[in-house]
Amino acid sequence: MSTPAAAAGPAPGGTSTTEPLVAYLLGLGDDALVLAQRLGEWITRAPQIEEDVALANIALDLLGQARVLLTRAGELEGAGRDEDALAFGRDERDFRNVCLVEIPNGDFAVTTARQLVFSAYQCELWSALRDSADPVLSGLAGKAVKEAAYHRDHATHWVLRLGDGTDEGHRRMQAGLDRVWPYVDELFAADDVAAHLAGVAVDPPSLRAPWSAYVEDVVARATLTVPSPTWHARGGRRGLHTEHLGHLLPEMQHLHRAHPGARW
Amino acid sequence: MHDDALSETRSESRSAPTAEAELERRFEAMIADEVRIEPRDWMPEGYRRTLVRQIAQHAHSEIIGMQPEGNWITRAPSLRRKAILIAKVQDEAGHGLYLYSAAETLGIDREDLLDLLHTGRQKYSSIFNYPTLTWADMGAIGWLVDGAAIMNQVPLCRCSYGPYGRAMVRICKEESFHQRQGFEILHTLSHGTPAQKAMAQDAVNRFWWPSLMMFGPPDAASTHSAQSAAWGIKRFGNDELRQRFVDMTVPQAQALGLTLPDPDLRWDERSGHWRFGAVDWDELDRVIRGDGPCNAQRVERRRTAHEDGAWVRDSAEAYAAKHADTTRATAAA
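Sequences listed follow chains A and B, in order. Residue numbering for the first sequence follows the numbering used here, starting at 1 and increasing by one per position. Residue numbering for the second sequence follows the numbering used here, starting at 1001 and increasing by one per position.
Don't take every hint at face value.
Straight line, CA to CA, 20 Å or less: simulated SDA-like cross-link-like pairs of lysine to any residue [stated by the list, open to error]:
| hint | chain 1 | residue 1 | chain 2 | residue 2 |
| --- | --- | --- | --- | --- |
| 1 | B | LYS1197 | A | LEU255 |
| 2 | B | LYS1123 | B | LYS1322 |
| 3 | B | LYS1322 | A | ASP164 |
| 4 | B | LYS1197 | A | ASP164 |
What the hints contain is simulated information worked out from the structure, not anything from laboratory work.
For reference, chain A alone in the conformation it holds in the complex (with noise of 0.2 Å):
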């Protein structure tokens, strides 16, 4: 952790020096914007009004990590964007997150693998972030690590109830996985942007054993198993995203958009 990135020099065809650091902290925040976009489709929907509070609560603190990392994108990028114009001026192509974010949520079990999967992922980022040399991304991590670790005890409890609750929860529990699975290879790739970034950001490959470790012991735990899907998603950082993504925002957006410079 000794070399700051935003002294790592210009990424291909970049002008600032900070343009690796901004496209990292937006498809950090992305990723957190975009679930917690599909977890408010939840709320009046849930199973239980316990599920509509706990998921409002989680989609509340990824929508609040998402607003520290596109206020930082933005006052880094230096070209006046704040998290508004970041969240609602940007189309699919410019979005940054991955693909698994997206998706639809289907049943509650998809929902539950989605979230499995992600705050597993978040709680090992979030911890190897705590020691980021940009202050504002160490800043998050401490707090965000503790909201991750919520989530993911949140996921794992429904994926254990679910698995070894009722057939029909084991049934549905395992599609969730099937269904979720192809999107997990995208989390750890290895990505140009975080390259760049030594000290800075984290190397995704180097989250994969811990995030490994704790997700199968869930999975082995519900008697369920860990899915190995033949395809697998990609693209999402560099703006190729699935088809579920240019519906999703067209929706969030539309407001701001028909007013241009308004304020609300």
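With chain A fixed as given, assemble chain B onto it according to the hints.
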């Protein structure tokens, strides 16, 4: 502490064989002395039934009330507004949970209460049967609907039934916060672009009269009022609370730079009150009977969420049963 000590004494004395009339007399004396009634105390069956109905319908209103605002969570125009809205809807779910717990102290299960809601046998506040058509409706709901709710609910903090009164203390704190947030949304809109100001005015036009209806029918036509007042459940008449609400709201509308859709609204120097036009009570009757713009949709959403989630709740229950021994062992260790 003091209340707990009292209920101890009372439940001891209850073990002596006492005539119903004596119990009733003591109950009336407690109400007269403004001593809180607690779950283990004797209470008239009518008092219990009235409270179950009122607390349950209050809880249902919180739960159904999540929908009109939940409708805009994915579309809020800024991240700050989105966060505030999610937090608010989450608070409403929490209020519903407090209130179901309060109702359960009267010997009824939350599951049964939800069933009464899902089958249309218990009501919820008529206001939530109106649609949220624009973002400005989030402001109008916060300012007017939560404002009216506060007017109704603050007196309930002193309700004669302890668990209900205590739930209301917590709820009212959060409601007044929500009301200020709603005012702030409208203030921003009414001082924004012409299109934003028009959006704010339109929302106020649509929510003003339904908000006045939240206080219920005129006192003369209110069926439960007299008994509820005698029992210390209700402390003010519908019309009195409605008048207070109008008196409070008109100056706030002026501060917002918005008008209220009532040509008969005028200041009455002599009485010191704002006089307002006739409420369309036929509309309230219609909406309460189920024939409002969103009645069917609201109950359907609740029912679907509940039915779609049945397998989740079943699986959680099966898991808990399977692991009951492990859980007990862990707790004992």
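To see whether the hints hold, each was checked on the structure:
1. About 15 Å separates the Cα atoms of LYS1197(B) and LEU255(A), which keeps this hinted pair within 20 Å; it holds.
2. Proximity of LYS1123(B) to LYS1322(B) is assessed by CA-CA distance (about 37 Å); at most 20 Å being required, the pair is judged violated.
3. A hinted pair counts as satisfied when its Cα atoms are at most 20 Å apart, and LYS1322(B) with ASP164(A) qualifies at roughly 9 Å.
4. Of the pairs offered as hints, the one joining LYS1197(B) and ASP164(A) is violated, with about 54 Å between alpha carbons and a cut-off of 20 Å exceeded.
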